[in-house]
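In order, the protein sequences belong to chains A and B. Take the position in the first sequence, starting the count at 1, then add 110; the result is the number in the numbering used here. Take the position in the second sequence, starting the count at 1, then add 110; the result is the number in the numbering used here.
Everything labelled a hint here was simulated from the structure, so no lab data went into it. You may find that some hints are simply not true.
In this list, chains with the same sequence are indistinguishable; a pair is considered to hold if it fits within one copy or across any two.
[Unchecked claim] As a list, the in silico DSS-like pairs of lysine-lysine whose alpha-carbon atoms are at most 30 Å apart:
1. Lys144 to Lys130
2. Lys130 to Lys314
3. Lys144 to Lys314
Number of protein chains: 2
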Amino acid sequence: MTTPQGARARARMEVTAAIKDEARRQLAAEGAAKLSLRAVARELGMVSSALYRYFPSRDDLLTALIIDAYDSLGEAAETAHAAAVDAAPAQRWVAVCEAVRGWALAHPHEYALIYGSPVPGYSAPDTTIPPAARVALVLIGIVREAFDRRGLARTPVPAELAPEARRMAAELMPGLPSEVAVAMTAAWAQLFGLVGFELFGQFKGVVEDRERFFRHAAAQLAHGVGLVFP
Amino acid sequence: MTTPQGARARARMEVTAAIKDEARRQLAAEGAAKLSLRAVARELGMVSSALYRYFPSRDDLLTALIIDAYDSLGEAAETAHAAAVDAAPAQRWVAVCEAVRGWALAHPHEYALIYGSPVPGYSAPDTTIPPAARVALVLIGIVREAFDRRGLARTPVPAELAPEARRMAAELMPGLPSEVAVAMTAAWAQLFGLVGFELFGQFKGVVEDRERFFRHAAAQLAHGVGLVFP
DNA sequence: TCAAAAAAGAGAGCACTGCTCTTGCAGTGG
DNA sequence: CCACTGCAAGAGCAGTGCTCTCTTTTTTGA
Numbered sequence: 111m112t113t114p115q116g117a118r119a120r121a122r123m124e125v126t127a128a129i130k131d132e133a134r135r136q137l138a139a140e141g142a143a144k145l146s147l148r149a150v151a152r153e154l155g156m157v158s159s160a161l162y163r164y165f166p167s168r169d170d171l172l173t174a175l176i177i178d179a180y181d182s183l184g185e186a187a188e189t190a191h192a193a194a195v196d197a198a199p200a201q202r203w204v205a206v207c208e209a210v211r212g213w214a215l216a217h218p219h220e221y222a223l224i225y226g227s228p229v230p231g232y233s234a235p236d237t238t239i240p241p242a243a244r245v246a247l248v249l250i251g252i253v254r255e256a257f258d259r260r261g262l263a264r265t266p267v268p269a270e271l272a273p274e275a276r277r278m279a280a281e282l283m284p285g286l287p288s289e290v291a292v293a294m295t296a297a298w299a300q301l302f303g304l305v306g307f308e309l310f311g312q313f314k315g316v317v318e319d320r321e322r323f324f325r326h327a328a329a330q331l332a333h334g335v336g337l338v339f340p
Numbered sequence: 111m112t113t114p115q116g117a118r119a120r121a122r123m124e125v126t127a128a129i130k131d132e133a134r135r136q137l138a139a140e141g142a143a144k145l146s147l148r149a150v151a152r153e154l155g156m157v158s159s160a161l162y163r164y165f166p167s168r169d170d171l172l173t174a175l176i177i178d179a180y181d182s183l184g185e186a187a188e189t190a191h192a193a194a195v196d197a198a199p200a201q202r203w204v205a206v207c208e209a210v211r212g213w214a215l216a217h218p219h220e221y222a223l224i225y226g227s228p229v230p231g232y233s234a235p236d237t238t239i240p241p242a243a244r245v246a247l248v249l250i251g252i253v254r255e256a257f258d259r260r261g262l263a264r265t266p267v268p269a270e271l272a273p274e275a276r277r278m279a280a281e282l283m284p285g286l287p288s289e290v291a292v293a294m295t296a297a298w299a300q301l302f303g304l305v306g307f308e309l310f311g312q313f314k315g316v317v318e319d320r321e322r323f324f325r326h327a328a329a330q331l332a333h334g335v336g337l338v339f340p
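Starting from the given sequences, assemble the full structure and let the hints guide the process.
Dropping the structure here:
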């Protein structure tokens with residue numbers, strides 16, 4: 111990441127990056143299922159066994175790509191948010207949602223890798239959690255600012271959920287009311303439900319004008335967390 | 111499906127069923143990625159090439175499993191709906207949502223197969239569309255009945271979405287107002303966003319009391335389509 | 001009834017995969 | 001200078017999807 115100590119370490123980082131680049135290319139072209147270590151090695155002019163010096167297994171390569179994908183998506187969300195910084199919170203919410211959708215449409219296989227079925231054995235390593243949180247943090251930031259400025263409409267939470275709601279608010283979104291924490295979390299999952307359905311073909315024959323449909327649905331999500339359109 | 115004409119046709123159906131059963135077992139145990147034709151054949155005591163008489167490719171076997179999974183999920187939804195037939199529409203809505211979640215938790219790999227990333231090349235054949243619609247039809251039925259009985263709260267749709275909303279209502283849910291059609295479709299996608307996030311580990315470290323959280327979120331979805339709790 | 005046709009299974013084989021192991025080469029640090 | 005370590009190469013193993021050919025069995029139609 112910083113200055114490499116020796117020429118050796120530098121070369122290692124370059125090769126590692128080259129492997130990831132080529133793997134990303136194959137991922138984008140064919141999908142995770144067809145990503146082959148041997149093909150990556152072949153394309154890089156090295157023998158397949160050499161690649162195992164850099165990634166001990168195919169799953170490790172995939173994990174690296176997953177983290178990069180989360181970061182790429184998170185950056186897209188943050189950029190969109192920064193670009194809309196002057197707009198009202200509800201508008202910024204929609205802008206971020208649209209950025210997520212746009213990124214997903216532009217990188218379908220990467221999106222499938224991170225929000226589709228978990229491809230490797232089963233559990234994503236905990237390394238993936240921080241980059242995965244970036245989109246959520248942007249959304250939380252919007253809601254928090256709106257709350258601090260003028261408060262939010264709150265949807266009451268049933269008594270049976272109140273303790274969990276308080277825990278969620280305290281641990282994940284300190285400073286926000288527990289009802290909002292619950293609504294936020296639900297909206298976050300629902301956002302990716304909308305994106306996933308569009309991307310994975312579930313809207314085929316159902317929604318035609320998907321962009322407008324999404325914009326409206328994202329606005330409704332904003333409404334659900336208590337944001338109001340001016 | 112009906113009476114088999116000859117002993118041959120009968121045998122063929124039995125073998126086909128046995129292949130699907132064994133494949134389903136392997137799918138449930140290891141996931142779609144590790145489902146292997148050769149392993150299925152081995153387990154059935156036949157040679158791998160013989161299996162190609164029944165399914166021309168691995169993708170065809172997967173497609174058959176996909177259809178079965180959609181039907182199984184649809185049946186779970188229909189059963190839950192039938193069991194709650196005396197309850198108010200909003201309650202039935204939640205019951206169906208909970209049935210979807212329950213089925214998904216009980217059949218994670220099958221759920222991943224149908225609502226996760228599309229595993230084969232890319233596009234699911236159109237054969238999968240009717241079974242895939244069963245859950246949606248149950249939900250539409252609930253909403254339609256509620257609408258016919260007492261009407262529904264409607265969330266206005268922006269002008270830019272109005273034509274698409276009308277088209278969706280006319281083609282997919284005749285008799286329902288276009289605003290409701292839009293809200294229904296969004297809720298449908300959002301439901302699977304909630305289920306998918308829980309199933310694919312996105313709620314790890316975020317939501318602990320997932321059952322209660324889901325019940326509340328499902329109730330909010332019902333609210334979003336205009337259903338009211340008595 | 002009996003031969004032709006269709007269907008099914010068996011087996012070998014091809015090209016590919018992830019991964020391991022051993023061997024040889026080339027930079028690195030004492 | 002020389003031992004050490006990191007790296008690459010190659011062979012090889014077990015597994016995969018899929019195709020092709022050959023044999024056996026069942027169905028069919030004249």
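Q) Tell me, which hint numbers fail for this structure? A) none
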